[in-house]
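Just so you know, the sequences run in chain order D and Z. Under my numbering, the first sequence has 458 at position 458, and the numbering climbs by one with no breaks. For my numbering, add 1000 to where a residue sits in the second sequence, where the first one is 1.
Derived by calculation from the structure, the hints in this document are not laboratory data. Accuracy of the hints is not assured; some may be wrong.
To be verified - Derived Cβ-Cβ restraints for the label pairs, each shown as a range:
| no. | chain 1 | residue 1 | chain 2 | residue 2 | range |
| --- | --- | --- | --- | --- | --- |
| 1 | D | Gly363 | Z | Ala1035 | 43 to 49 Å |
| 2 | Z | Ser1154 | D | Gly331 | 39 to 45 Å |
| 3 | Z | Ala1121 | D | Pro428 | 28 to 34 Å |
| 4 | Z | Lys1067 | D | Asp62 | 57 to 63 Å |
| 5 | D | Arg224 | Z | Ala1117 | 46 to 52 Å |
Claimed, not checked - Cut-off 20 Å, straight-line C-alpha distance, at most; resulting in silico cross-link-like pairs (SDA-like, lysine to any residue):
| no. | chain 1 | residue 1 | chain 2 | residue 2 |
| --- | --- | --- | --- | --- |
| 6 | D | Lys357 | D | Gly397 |
| 7 | Z | Lys1059 | D | Ser319 |
| 8 | Z | Lys1059 | D | Lys357 |
| 9 | Z | Lys1143 | D | Ser433 |
| 10 | Z | Lys1063 | D | Gly342 |
| 11 | Z | Lys1047 | Z | Pro1037 |
| 12 | Z | Lys1143 | D | Asp396 |
| 13 | Z | Lys1143 | D | Ala429 |
| 14 | Z | Lys1143 | D | Thr427 |
Since the structure is predicted, the reported quantities are computational estimates derived from the model, not experimental observations. Where a beta carbon is used, it is the ideal one built from N, C-alpha and C, also for glycine.
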Amino acid sequence: MTDRLLHPTRRRLLAAGAAGLVLPGAARAQSLLAPQPTAPAAAPAAPAAAGAGTGSAVIDVDRARASPIPIAIPSFPGDAQLGQNIAGVITNDLANCGLFRPISPAAFINAGATGAVPDFQNWKAIGAQALVTGQAATLGGGQIQVQFRLWDVLPQTQIQGTAYTTAASNWRRVGHMIADVIYERLLGEGGYFDTRIVYVAGSGPRNNRIMRLAIMDQDSENNRFLTDGRYLALTPRFHPKLDEIAFMSYVNDRPRVYLFNLGTGRQRVLGDFQGITLSPRFSPDGSTVIMAQTTPSGGSRIVTVALNGSASHALTDGSAIDVSPCYSPDGTQIVFNSDRGGDQQLYVMAANGSGVKRISFGGARYGDPVWSPRGDLIAFTRIGGSTFGIGVMHPDGSGERILSESYFCEGPTFAPNGRVIMFWKQTPARNASGAGYSTHLYSVDITGFNERAVVTPTDGSDPAWSPLGG
Amino acid sequence: MNLKMLGAFAAVALLAACATPPVTATSGAGTAVAAGPAPGSEQDLVKNVGNRVFFAFNKSALKPDAKATLDRQAAWLEKYTQDNVQVAGNCDDRGTEEYNIALGWRRANAARDYLVAKGVAANRITTISYGKDRPIALGDNEKAWAQNRNATTSVR
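Modelling step: build the complete structure from the supplied sequences, incorporating the hints.
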């Protein structure tokens, strides 16, 4: 039996089995024992003890890309509005990732049938390979309970069954968590739907741009602004575990890296540094920030600093421009951007600053390196002659591929499963007064497939993807 | 392209100077001072000295015309010793955000170092970089980008 608790401030993932620690406003998931499928033809399927992984990952991601998995997600009965809303969130997530093909409800045959076990023939007839059923209920005290089951239609087996109890305000998260379970169980790797995006919301004229931090769910819902726009705010990044963001702010014309606590809304400058501090990222264990610090000689160097501002170490000497450092997920290496060779290129070094080695050799300038959470790829911005590109290469510099190319694009960030990259594009002004200039977020699969605009209420730039559940 | 464009700028600046010559404040007691920048003010710097120097793409080296402007700024600062200044480095936006903040910093420091070499006390000058986030020209062509690659001196 799996029990998971959702902390009210999102960062949840308390240990399994902590069932007694349900917090106010927290969500709790428990597994549902599978009803015995009365499978007429199927081989005796082991009853799916949910969470125990009896169902198979039916298809791999490469095949799903070429042929998205047909899945039926009928509205959950019970609290009909809630059930419809939850099914809508799941459907939207799975459709947008490009690896699933939700079947139109108009095609469903007798979808409202109740009963513990679906009538599989009706779902097989419309070509569904997977089926999601569930139930939504409003409990007392502002709580809801959502049960769902994932079925493999052809063998007529239950793959997963889970019930979530949480505050009603968390209903969208429940939908995302279910979508993540479906992704994981059918594709065999973790999903990324229960995540958020922090980004810079841009508005106003180009020469006096208002740039505010904003945060939203990965599907663009629940957008809210974190800073008021009095000061330029740039390059926000999530802490790997805490409800905290590192970003750069121009408070009082003293551009520095700040930490922003999402729970309290408080921000504080990180450390006491001369010059400008910029381009922060947390270490994989969350204990330090790695960033750049400008030097009196005009260069910039890579430094690390503890979250309380102490124990600062310089890893490069600052005679050149060294910016945009990012750790490998195991924390042993750092990729960064430098012009030490005469032009803006990507370099990798050990976490102690030794063994610096250039990795970008594609006949262009490169910036914004970011290491995949899987460790196997580094994403970057490629600055060509008249176009910019978002691409990936292996950490040794081999296998460079451009995923998206346009007039201007910048700033890749990986989804926590390493499968999708978000970035931003800029459209050029048509005239000298800046008409036509805009910035917008986009996402693309790491194969270059399924590029999509990511909707934001204002212009958007500098996206950063949260960890799963973050 | 760059040089041609900068030539055009210089011509415009000269015309502007001819069209509205700096007004000299008369010293007679009780005489109203005619409109014009107050000596030693930000406006004085902008109008009569030149508050910006321009750079080539992805470069921070000072070109001869930039040095000429900074020579005037150094002389002006020697005259108005009460003024402290900030030198802000800026970039066009055909580059990445973080790198451009560092590049703007290097441009601001190149201008600052020149002023200090000309005798301006280092503690009168602060430097900052806005990277590509505070452009002065709003278009997207070489002419606009050239204007946005600058170090801008302002009175603090």
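Here's how the hints hold up against the structure:
Distance hint for Gly363 of chain D and Ala1035 of chain Z: a CB-CB separation of about 56 Å, inconsistent with the stated range 43 to 49 Å. The given range of 39 to 45 Å is respected by Ser1154 of chain Z and Gly331 of chain D, whose C-beta atoms sit roughly 43 Å from each other. Evaluation of the 28 to 34 Å hint for Ala1121 of chain Z and Pro428 of chain D yields a failure: the beta carbon distance comes to about 43 Å. The hint said 57 to 63 Å for the Cβ distance between Lys1067 of chain Z and Asp62 of chain D, and at roughly 59 Å that hint holds.
Remark: the range hint 46 to 52 Å for Arg224 of chain D to Ala1117 of chain Z is upheld by a beta-carbon distance near 50 Å. Our distance criterion of 20 Å between C-alpha atoms is met by Lys357 of chain D and Gly397 of chain D, whose separation comes to about 10 Å. Distance restraint check for Lys1059 of chain Z and Ser319 of chain D: the Cα-Cα separation of roughly 15 Å lies within the 20 Å cut-off, and the hinted pair is therefore satisfied. For the hint linking Lys1059 of chain Z to Lys357 of chain D, the alpha-carbon distance of about 24 Å lies beyond 20 Å, and the restraint is violated.
Between Lys1143 of chain Z and Ser433 of chain D the alpha-carbon distance is near 13 Å, which keeps this suggested pair within the 20 Å criterion. Restraint check: the Cα-Cα separation between Lys1063 of chain Z and Gly342 of chain D comes to about 19 Å, which is no more than 20 Å; the hinted pair holds. Among the hinted pairs, Lys1047 of chain Z with Pro1037 of chain Z is consistent with the structure: their alpha-carbon atoms are about 8 Å apart, no more than 20 Å. Among the hinted pairs, Lys1143 of chain Z with Asp396 of chain D is inconsistent with the structure: their alpha-carbon atoms are about 39 Å apart, more than 20 Å.
With a C-alpha separation of about 13 Å, the suggested pair Lys1143 of chain Z and Ala429 of chain D falls inside the 20 Å cut-off, and the hint holds. Distance hint between Lys1143 of chain Z and Thr427 of chain D is fulfilled; the C-alpha atoms sit about 17 Å from each other, no more than 20 Å.
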